[in-house]
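For this one, chain A is given, so just place chain B on it according to the hints.
Line by line, the protein sequences give chains A and B.
Numbering-wise (the numbering used here), the first sequence opens with residue 1 and increments by one.
Numbering-wise (the numbering used here), the second sequence opens with residue 1 and increments by one.
Derived by calculation from the structure, the hints in this document are not laboratory data.
From the derived model, a few chain A residues whose C-beta atoms are all more than 12 Å from chain B:
1) Met13
2) Ser26
3) Met62
4) Thr77
5) Val80
6) His81
7) Ile110
Here are a few chain A residues that face chain B, going by a calculated C-beta distance under 8 Å:
8) Arg31
9) Ser42
10) Leu43
11) Ser45
12) Val48
13) Leu50
14) Phe88
15) Lys99
16) Phe102
17) Gln104
18) Gly105
Distance ranges between label pairs, derived from CB positions:
19) A/Gly53 / B/Arg18: 42 to 52 Å
20) B/Gln41 / A/Asp30: 25 to 35 Å
21) A/Lys68 / B/Ala96: 17 to 27 Å
22) B/Ser79 / A/Arg60: 38 to 48 Å
23) A/Ser51 / B/Lys57: 28 to 38 Å
24) B/Glu62 / A/His81: 39 to 49 Å
25) B/Glu62 / A/Val80: 39 to 49 Å
26) B/Asp1 / A/Gly59: 13 to 23 Å
27) A/Thr20 / B/Pro70: 38 to 48 Å
28) B/Glu62 / A/Asn111: 44 to 54 Å
Beta carbons: idealized from backbone N, C-alpha and C, even for Gly.
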Amino acid sequence: ELKVEQNPLFLSMQEGKNYTIYCNYSTTSDRLYWYRQDPGKSLESLFVLLSNGAVKQEGRLMASLDTKARLSTLHITAAVHDLSATYFCAVENLQGAQKLVFGQGTRLTINP
Amino acid sequence: DSGVTQTPKHLITATGQRVTLRCSPRSGDLSVYWYQQSLDQGLQFLIQYYNGEERAKGNILERFSAQQFPDLHSELNLSSLELGDSALYFCASSVAAGSSSYNEQFFGPGTRLTVL
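Okay, chain A solo, but in the shape it has when bound (with noise of 0.2 Å):
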């Protein structure tokens, strides 16, 4: 069963600063999505990873895919307040029907 963990769960951060969100999963998979969610809203789509060594960037948000590693990350750079949110890696199932399986979600909160 594919299982997806995040860490860290939650996060405080100074605007500024620099981190790492870590995305790992359990079974082989080179699909890979992040999202983000402000509270009580929708999942918004930020990074669609597929293959191995994917990286892609926006703004002050990266993301990287290590497919043997099973490890996806999402840096921040330079956090500004308007990147607080909850941000969500999601690995498509391969086996069988390819439903997505999420993380537990890194709740980032970003302060002045």
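Just chain B now, with coordinates in the frame of chain A:
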């Protein structure tokens, strides 16, 4: 705006009741997924339909059922409601059922269900 619509936005009902949540996928998407999000269980996959047929089942209770209609909209039926069913229910859609193409899912705004 993802293009996925869900109604109603909020639903308050009593234990033992039955409710129906509705979802319309993005134009062109054939797959619809239902998820439940609660504080203790996180985001859990419930069920997937592809072009009118059930494709995959997750942690969906027997009291819950879903269907996808010919116009591709989907309904999630929750019956004999319990306090623990209170949660945010999301619908998502994607173009494909999977296999060779990747499966980016686009999420609707959700329906917040409160069972009293």
